[in-house]
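A.B. asks: Based on the sequences and whatever the hints tell you, model everything.
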Amino acid sequence: GAVVSQHPSWVICKSGTSVKIECRSLDFQATTMFWYRQFPKQSLMLMATSNEGSKATYEQGVEKDKFLINHASLTLSTLTVTSAHPEDSSFYICSARGIGGSRNEQFFGPGTRLTVL
Amino acid sequence: DQQVKQNSPSLSVQEGRISILNCDYTNSMFDYFLWYKKYPAEGPTFLISISSIKDKNEDGRFTVFLNKSAKHLSLHIVPSQPGDSAVYFCAAHDSGNTPLVFGKGTRLSVIA
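Those protein sequences? They're chains P and C, same order as listed.
103 is the number of the first residue of the first sequence in the numbering used here; add one for each residue after it.
33 is the number of the first residue of the second sequence in the numbering used here; add one for each residue after it.
No lab work stands behind these hints: they were computed from the structure.
Treat the numbers as computed from the prediction; the structure is a model and nothing was measured.
Quick reminder that beta carbons are idealized off the backbone N, C-alpha and C, glycines included.
Heads up, some of the hints might be wrong.
[Claimed, not checked] Selected chain P positions facing chain C (in silico; Cβ < 7 Å):
1. Gly118
2. Thr134
3. Phe136
4. Phe141
5. Ser145
6. Met147
7. Leu148
8. Thr151
9. Asn206
10. Pro212
C.D. replies: What follows is the structure, encoded as structure tokens:
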């Protein structure tokens with residue numbers, strides 16, 4: 103299947119700092135990228151949907167000023183956790199959906215473990 | 033309201049036998065269904081998918097069956113291998129560019 107990468111794979115930061123997570127589709131163009139969060143022993147929780155060149159659509163309860171999403175190109179989306187706090191510690195996963203014939207397929211990145219001290 | 037349901041939280045199968053994972057959905061607008069495998073602290077890995085115009089899709093040891101009238105799909109893994117032990121998620125979306133709707137997952141344990 104198609105490859106989606108995330109960077110960094112893990113990050114530890116101090117409370118109050120901002121952290122940027124990159125998501126890249128390596129071998130296909132993704133018009134739509136999704137950002138998920140997973141808490142221990144729970145299913146994936148969709149945070150937001152981003153379409154290339156337009157503003158992200160956030161799910162209810164997700165603070166758009168805290169979780170800034172940029173989708174500047176067909177192969178790159180970024181999630182910035184601003185002024186991170188310990189409760190933001192989680193596993194963040196991005197996902198990309200292709201265009202054309204592959205528009206129904208959706209592939210996930212390996213995830214980024216964020217720990218806020 | 034849960035639109036995609038995986039009613040079995042866990043399943044144990046002996047190595048070499050068939051694993052059958054089930055998924056039910058309520059939204060008749062869904063027209064594409066996907067199965068993912070997930071290990072802890074990793075992103076889901078795409079396994080196999082099926083369009084609503086088909087009732088079966090096969091890829092190696094994995095076969096997905098879709099019964100639209102019953103709004104039910106299943107993933108068959110045969111023969112099951114210990115490396116198949118993971119959490120399996122069923123997901124669906126409609127014809128628009130809408131997010132996947134996931135089930136809560138079924139933990140499969142393949143016993144050697």
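A.B. asks: Indicate, hint by hint, whether the structure satisfies it.
C.D. replies: Verification of the hints:
Interface hint at Gly118 of chain P: violated, since its Cβ lies 26 Å from the closest Cβ of chain C, which is beyond the 7 Å cut-off. This hint holds: Thr134 of chain P has a C-beta 5 Å from the nearest C-beta of chain C, less than the 7 Å allowed. The beta carbon of Phe136 of chain P comes within 6 Å of a beta carbon in chain C, closer than 7 Å, and the hint placing it at the interface holds. Interface hint at Phe141 of chain P: violated, since its Cβ lies 12 Å from the closest Cβ of chain C, which is beyond the 7 Å cut-off.
Nearest Cβ of chain C to the Cβ of Ser145 of chain P: about 5 Å, under the 7 Å cut. The hint holds. Interface restraint check: Met147 of chain P against chain C, minimum CB-CB distance 9 Å, threshold 7 Å, status violated. Checking Leu148 of chain P against chain C: minimum C-beta separation of about 5 Å stays under 7 Å; hint holds. Given hint, Thr151 of chain P at the interface with chain C, holds; its Cβ is 6 Å from that chain's nearest Cβ, closer than 7 Å.
The beta carbon of Asn206 of chain P comes within 5 Å of a beta carbon in chain C, closer than 7 Å, and the hint placing it at the interface holds. A distance limit of 7 Å between C-beta atoms decides the matter here; for Pro212 of chain P the minimum to chain C is near 5 Å, and the interface restraint holds.
Hint check: violations occur at hints 1, 4 and 6; the rest are consistent with the structure.
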